[in-house]
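So the protein sequences, as listed, match chains A, B, C and D.
The C-terminal position of the first sequence is numbered 140 in my numbering, with every residue numbered one higher than the one before it.
The C-terminal position of the second sequence is numbered 668 in my numbering, with every residue numbered one higher than the one before it.
The C-terminal position of the third sequence is numbered 294 in my numbering, with every residue numbered one higher than the one before it.
The C-terminal position of the fourth sequence is numbered 316 in my numbering, with every residue numbered one higher than the one before it.
Keep in mind that the hints were calculated from the coordinates and are not lab data.
Even for Gly, the Cβ is constructed at its ideal location relative to N, Cα and C.
A few of these clues could be false.
[Claimed, not checked] If the Cβ cut is set under 7 Å, some of the chain A residues that face chain D in the computed set are:
no.: 1; residue: P49
no.: 2; residue: R50
no.: 3; residue: L53
no.: 4; residue: Q57
no.: 5; residue: F80
no.: 6; residue: R85
no.: 7; residue: L87
no.: 8; residue: R91
no.: 9; residue: Y95
no.: 10; residue: L130
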Amino acid sequence: MATSQEPVIVGFLCNWCSYAGADSAGTGRMVQPTNVRIIRVPCSGRVNPRFILRAFQRGADGVLVSGCHPNDCHYSTGNFFARRRLLLLKRYLEYLGIEPARFETHWVSASEGQKWAEVVRSMAERVKALGPSPKLPSLL
Amino acid sequence: MKRVGVFLCWCGSNIAGTVDVGKVAEQARRLPGVVHVEENKYTCSEPGQAAIVKAIKDQRLDRVVVASCSPRLHEATFRRTVESAGLNPYFFEMANVREHCSWIHTDKETATPKAFDLVRMAVAKALRNEALTRGSITIEKRALVIGAGIAGIQAALDIADAGHEVILLEREPTIGGRMAQLDKTFPTLDCSQCILTPKMVDAAKHPNITLYTWSELEKVAGYIGNFTVTIRRKARGVDETLCTGCGVCQSKCPVKVPSEFDEGMGMRKAIYSPFPQAVPNRPVMDRANCTFFKTGKCKICERFCEAKAIRFDQEDSLIEVKVGAIVTATGFDLFKVEKYGEYGYGLYPDVINSLQFERLVNASGPTDGKIKKPSDHEIPKSVAFVLCVGSRDEQKGTTYCSRACCMYSIKHAIQFRDKVKDGRAYVFYMDIRTPGKSYEEFYKRAAVDYGVEFIRGRPSKIFSRNGKLVLKAEDTLLGRPIEVEVEMVVLAPAMLARNDAAKIAQTMSISYDGYGFLNEAHPKLRPVETNTAGIFLAGVCQGPKDIPDTVAQASAAASKVIGLLSHEQMATEPMIARVSEALCSGCLWCKPICPYQAIEAKTITEKIQGKVVSREVAAVNSGLCQGCGACTVACRDGAMNISGFTNDQLLAEVDELLGASRPACAAE
Amino acid sequence: MSGQSVRYSYYPGCSLHSTAREYNVSVRAVAQAAGVELVEVPDWNCCGATSAHATDPFLAFALPARVLLQAEESGLDILAPCAACYGRLMTAKEEAHRRPDLVARFEKAIGRKLGPAPRILNVLEFLAEPKVTETIAAGLKRPLTDLKVAPYYGCLLVRPSKVTHFDDAERPTSMDKILASVGATPVDFPGKTECCGASLGISRVDLVVELSGRIVQQAKHAGAEAIAVACPLCQTNLDGRQGTAAAKLGEAFGLPIYYITELVALALGVAPGRLGLGKHLTNSLALLRQKKLA
Amino acid sequence: MPKSLALDPKKMKEAEAALRTQAAKLLSEGTVTVFLGHEEGWDGLPVPFFATTPEEAKRLVWNPLVAFNLAKYLLDRLTGEEKVGIVVNGCGSLALDRLLKDRRFPRERLFVVGIPCTGLLDPDKVLALPDEARQAALEGGKAEPGLFLKRCGWCDAPNPVVADVVLGEKVPEEAGPQQYPRVEEIEKMSPAERAAHFKTLYEKCIRCFACRNVCPACSCRECSLDQWEPLWLGKATVPSEQLMYHFIRAFDVAGRCIRCGECERVCSVGVPLMELNDKLMKDITELFGVQRPHVPADVEPLGQWTEGDADLEAAH
């Protein structure tokens, strides 16, 4: 289990926009809840839905994918592919019994520190309200 | 067993103020693989880096983790440090405990365990880091400049002067762009033509510059140092090699249509050169308006052409060029001021836009420089200049400031006052923005020396009354509604991205913002690069700017190109896609996903039960691949991976965070 | 739409049953001439254009929403000739998409579910419907030749444009086209979309007089012989304030203010006597007689 | 949907005769060196059969029980130059097309004999029938709808989509939107009920991998779920890992599943696997407008995008 008792949200952030956006939020000292742990990936298109399934299997209370805004992808189209895959995954996760609020995708640009902080705050709140994940590990 | 060293940075009190670094160090010591943990006040400082080098040597470290600020800030720094100690730089990994932890939390009780989570995730990843080597590619020593306005011309001349070949591409019949349409330039009131046309001639005559006008970008393939560009040379209707530019064809052509160059303020023919100083001095045939193409009869131009250069049957041709770098200088469009119904553009002939005013005031324009009202060709005694038509207006236009309109409208007011001594010039503005050398002084001169009347207020309506135009506005400084009666109104339209900017961007795989302006790689530190290596930006295609800024950016882009082309070879980033041929089934579903066309089928041969057999697998072109990783997700075989962000590394981070045990063999 | 038996749901609102009864008459006369059936919304209520919409956000939504709900059953497009009614209905339709909270509260209060809103037409849109334009095109009984009319749109038909999505808010032309189609000469004038001051009709009469007066003045200076309107409040102000405004602006006007439907009905051959033109305060018949239209 | 299911044993007999003649001809003329079809097994059920001589071609059968998907046997013949003949009906051709679109077998090494299909019976159910009823079904064509393969109920491609020669007449096609009643039922449950539903049904899995072996969309050289590094799937036989196996596999074939339902039919412990595949197909239709998600496409739905794809961010 994660070290803290608080719910854990795994964040997959693209290096160019959202990771930089989270950096901007830091530089701007925008206070956020401690629930999110960020994993840096080159592009939201790099996020394999398997990573997300794995996170839920291993006990994540939430998963957050964040990338560049559509049309603003560093690699021009990665986030469009991500959007398709993750749209499908979102419905799939819900179907498997994982509450929809536990998986979110956002578009946060490098300059949108404020937006990132708000995404973290609001998602943490929603996930906390849901309580611990009914998650796959309870089946272990 | 791998030997990991963990270096925890205090960053003064930036980290240590919120994270109990000592406690994290204590816990980190117990992580598998970690043999050395060290705290430092400033790890990025000279002694901090020296400590890393020393520990690598003393402790025989083969993996290094630094927990400090964002890798976007210091990853490159520490990679160099690690490399200087003889370790592969990609054995380094970073945990961002400042921007992503200490700076955004206030409670040490919760921030400390989070910091430790980030450290152990980084350690888990580092254990799977591999030695990576940068590749190298040969550079094609030739540049393409797209768009031959002042930005493109400047960039092309700079690159050519440095001794490299340049292909200068322009889709209009002539080079020169917007600046060629202007009369004078602020704040010096230099004649635009006088400073531009010599450069146009230089560009045309430069031995290193090949000029393609009336030509468009068709396709861009390849990558930095090795682009293959397809150019469409549109049918000109004229054999450029035979034509002498005598101009007889235009004078004899019976068709008259509004001139684009004169913004509809004057006429041109169906075979035409946009303006007398056009470069190259070769006309083009406008087939849509040509009588021969419409009715099958006429050919007057052909009859009068002594050089026998007219070609009615000419067709578009495609040519392919190889270049190492590309400068994009595609310029801008103007906001359609018709969108402001309340300003009556199109309804009242004497409401015009600023570029039309430039043509009116231009000595080589349709009125020979006399400011005449389009309605009755009389000289107006009063003119109102309205700023921000489409700029800074979320409702109807764009949110941004177009930057140059204040200055050129002040210039217009001065020019009008100069030419019509007893005239009155009004400028309706929201804010006057003069951030440039001698700009504020220019504004002052307009008000003090030229008596231009500045009214702070955006007109709500322009209407006609007794043959005059009335501007209704609130004078926000006086705080009361006003009506000003004038004879002509000039609207300063917002500068917009080209309407096909998105298409251009997609052709080159570069990104663009919500308005269609092309994105620079970093707004402050990489202002002329794009996120696609080898493609650079100059001028308004990147965002509104005036001529001095455009020229500066063009020269900056040129210097980047010159720097690139000065090498024979260049190093490539190793964090790109790679294929495990053993696992690849050759389905190639990765191929359509790649934005860089970096994936191709490749036939390999292998021995199976003593028989040599061949099969197809995916192969990554390391010169093209930029390492986005979209292909890895399309790969169900698990054959495709991104070095530095492998499936194994990313899963290790997830698993470490969520605490599941992994089999020993995967972590050694 | 055309080809089927053409029916519209009809929401007259309070004005068309009181101060603007002649507007009601002319709308119905045009409809009848065009063979269009108007079905009045059963048990309709106030649209909320009174002080309600400015004082209580819920009521501002609930009043027009109930009208839409009442109209829903018929499944017909709804015609709201009063510009204020039109504005309120369009606003409610737009808010129903954007404000699930208001919808929930509304549905709880009313005890019924709010379905998807029907298409809402203002009178200018109605006059541009196929059945009406076909009738006009099929032959005017009395073309308004030589009649110079300034089309006055007022504020609520075109604003806020993100709610009404109707015409160009700053330079509308839909009424101009209708006028031209019935043979009149539309006169472009700067006051087209200026405020007539109706919202200050009680509290600041002095301002209303000035605002309305200027509109009439601009129309007259532009060469108009009459003004056409599509809103009862506009009509009341432009028509009723002319006398006071004349004194204030030092200029007599005498410009008749017609509802656009009155002009269309006339052109379609409806007898002037049937239209109640005598209800207007500024003489509306003299001009018609002078032009041999009545 | 579902189309009118009707067995015509007489027609199938004719097709069988034509098939034997065709295969024998291909083998004797040397067009193919091996012909892949079915022969009768020891228990009367058809089993895969590789005919290599015109003589052997006489053993080929075509009857209401040829449910088995032959296409995947092609993978055994990947290495080599020989040309292979294969017989397919409608769904068999979708499976074959799946492999072709996944570039897992060269089309030029194939000779495809197609036979239009009016429905096949579920061999297990037929075997379980009393002798008389079985005979009535197989020889008299009297079969209850429940006796047919599940996929026949939603089939909209009874005629082979890939074929070099077609034996017999085309069957009229009744295309219409695919229906997913089971998925709709599950969607109506609460998240907790759904989690419980999948746990109860899927933890029975013994990871025999029959579903993967039969699946025409699962054709990797080495399944990534068998790989050690990274270890996508733990070895422990615990419910969580069993579920992950199926959850990952279904998402991996999303957009490429041909809805043959073989995974579910061959499952040794009766896991209703199509509940996952159907859900993904249903959503691919709803989200991306793919009307026939089970028909192999030139570009898979997840290998493309449009600007108009739903705004994922607003989905919260």
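Cross-check of the supplied hints:
Residue-level restraint check for P49 of chain A holds (minimum Cβ-Cβ distance to chain D is 6 Å; threshold 7 Å). For the restraint placing R50 of chain A at the interface with chain D, the shortest Cβ-Cβ distance is roughly 6 Å, inside the 7 Å limit, so the hint holds. Below 7 Å, beta-carbon pairs count as interface contacts, and L53 of chain A has one with chain D at about 6 Å; its hint therefore holds. Because the smallest distance between the Cβ of Q57 of chain A and any Cβ of chain D comes to about 5 Å, under 7 Å, the interface hint for this residue holds.
Evaluation of the F80 of chain A hint against chain D yields a held restraint, the C-beta minimum of about 4 Å falling below 7 Å. Proximity of R85 of chain A to chain D holds as hinted, the smallest CB-CB distance being about 6 Å (cut-off 7 Å). A distance limit of 7 Å between C-beta atoms decides the matter here; for L87 of chain A the minimum to chain D is near 5 Å, and the interface restraint holds. The interface hint given for R91 of chain A is met, as the beta carbon of that residue sits about 5 Å from the closest beta carbon of chain D, less than 7 Å.
Given hint, Y95 of chain A at the interface with chain D, holds; its Cβ is 5 Å from that chain's nearest Cβ, closer than 7 Å. A least Cβ separation of about 10 Å between L130 of chain A and chain D goes past the 7 Å threshold, and the interface hint is therefore violated.
Going down the numbered hints, you'll see the structure goes against just number 10.
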